[in-house]
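All chains should be modelled from the sequences, with the hints used to inform the complete structure.
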Amino acid sequence: MKNLTKNAVKEAAEHLIEAFGTTTTLDVKNRLRQQGFQALQAEVSNLMDTLTDEEQWRFNHNGRYRVYRFGPDSNDTFHKYLEQGQRFWEILASGKEQIINEGLIGTIGQMTTTKYPTNRKTIAQSKKVHQTMLDQGYSEAVDQRLPFNLRQKYATYLDQKPLKYTIGFFNVQAQERLAAEITLENNQKTNGYILQSKNAGYDLTWNLPQSQDKLTRVLKNPSTITQDPGYDQKQLTGEKISVSRVFNQQEKVIQTFQGFTPTSLPSLQVMELHLENIYKIDIWFESGSQISLSKFDLDIHQELLPVARQILMQAG
Numbered sequence: 157m158k159n160l161t162k163n164a165v166k167e168a169a170e171h172l173i174e175a176f177g178t179t180t181t182l183d184v185k186n187r188l189r190q191q192g193f194q195a196l197q198a199e200v201s202n203l204m205d206t207l208t209d210e211e212q213w214r215f216n217h218n219g220r221y222r223v224y225r226f227g228p229d230s231n232d233t234f235h236k237y238l239e240q241g242q243r244f245w246e247i248l249a250s251g252k253e254q255i256i257n258e259g260l261i262g263t264i265g266q267m268t269t270t271k272y273p274t275n276r277k278t279i280a281q282s283k284k285v286h287q288t289m290l291d292q293g294y295s296e297a298v299d300q301r302l303p304f305n306l307r308q309k310y311a312t313y314l315d316q317k318p319l320k321y322t323i324g325f326f327n328v329q330a331q332e333r334l335a336a337e338i339t340l341e342n343n344q345k346t347n348g349y350i351l352q353s354k355n356a357g358y359d360l361t362w363n364l365p366q367s368q369d370k371l372t373r374v375l376k377n378p379s380t381i382t383q384d385p386g387y388d389q390k391q392l393t394g395e396k397i398s399v400s401r402v403f404n405q406q407e408k409v410i411q412t413f414q415g416f417t418p419t420s421l422p423s424l425q426v427m428e429l430h431l432e433n434i435y436k437i438d439i440w441f442e443s444g445s446q447i448s449l450s451k452f453d454l455d456i457h458q459e460l461l462p463v464a465r466q467i468l469m470q471a472g
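First residue of the sequence shown? That's 157 in this note's numbering, and the numbers climb one at a time after it.
Rather than coming from a laboratory, the hints here were simulated on the basis of the structure. A hint or two may mislead.
Unchecked claim - For lysine-lysine, the following DSS-like pairs were computed, each having C-alpha atoms within a straight-line distance of at most 30 Å:
| # | residue 1 | residue 2 |
| --- | --- | --- |
| 1 | K320 | K354 |
| 2 | K320 | K390 |
| 3 | K252 | K320 |
| 4 | K317 | K376 |
To be verified - Listed next, with one range per pair, are the computed distances between beta-carbon atoms:
| # | residue 1 | residue 2 | range |
| --- | --- | --- | --- |
| 5 | N163 | G227 | 15 to 21 Å |
| 6 | F452 | N342 | 37 to 43 Å |
| 7 | D291 | H430 | 45 to 51 Å |
Ideal placement from N, C-alpha and C gives every residue a C-beta, glycine not left out.
If you want it as structure tokens, here you go:
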């Protein structure tokens, strides 16, 4: 005869409640004996009382016996990530659904989904499978990938090779220089240049894989980016000029003048970027597909930037 355990009582009771809607300590005891357990009525009753508190079961009295049933279904979540050698194994149980993701470390792996009639059953079965994997030599590890929900959401793109990123920035502090013909107060004209400080918006494009390292540095920079971000194309999307300073060819400031006429296209001298001021990231893939990540739809730190960084890793 096998020694009685709380887990054996729990499994027997859950089986009977799932099959018939309710159960009693007598029914549980009889099932345990059929399974080869040394089950005494008093011991089964004590363990059922303990499980009722732990699992939030409900009961009512029917003569000599208590009649047990499940309480409201749980809203618990069970999530574990394991590794063994070069392989990983992950399980997520929530909302009556069990998802197992497994494969070689560094790949997205394969996902299988199993549905159960209750979330309670989902959690219980998932814990059993998790223990089986531990028994097989897997051990818990730190998952370096995107969170499970994001890997599910963006699965279509996480195994594709990106070819180009266009990032839209707003509130960019910029300074431009342009050559100009300046009309002085006495109507004389002289050559010089203009320095314009402005608040602007830009769409900056990086071509991959050649500009991957430059873009990686930009997307990982937590502070203001003042050095050359190394983009391949630039498009102005809006601007508000705040200050214009006029200089003659001898680099001296002209304080009073009537106006000026640009004689060259503006040359960008300074550009200050910050990741907080990204409003979109458009990504094109080798397959011809495209994805647009918008700050107005996604949390920039929890989703937009992590997804963009993860996809960028696939460019090399």
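Violated hints, by number in ascending order, as checked against the structure:
3, 6
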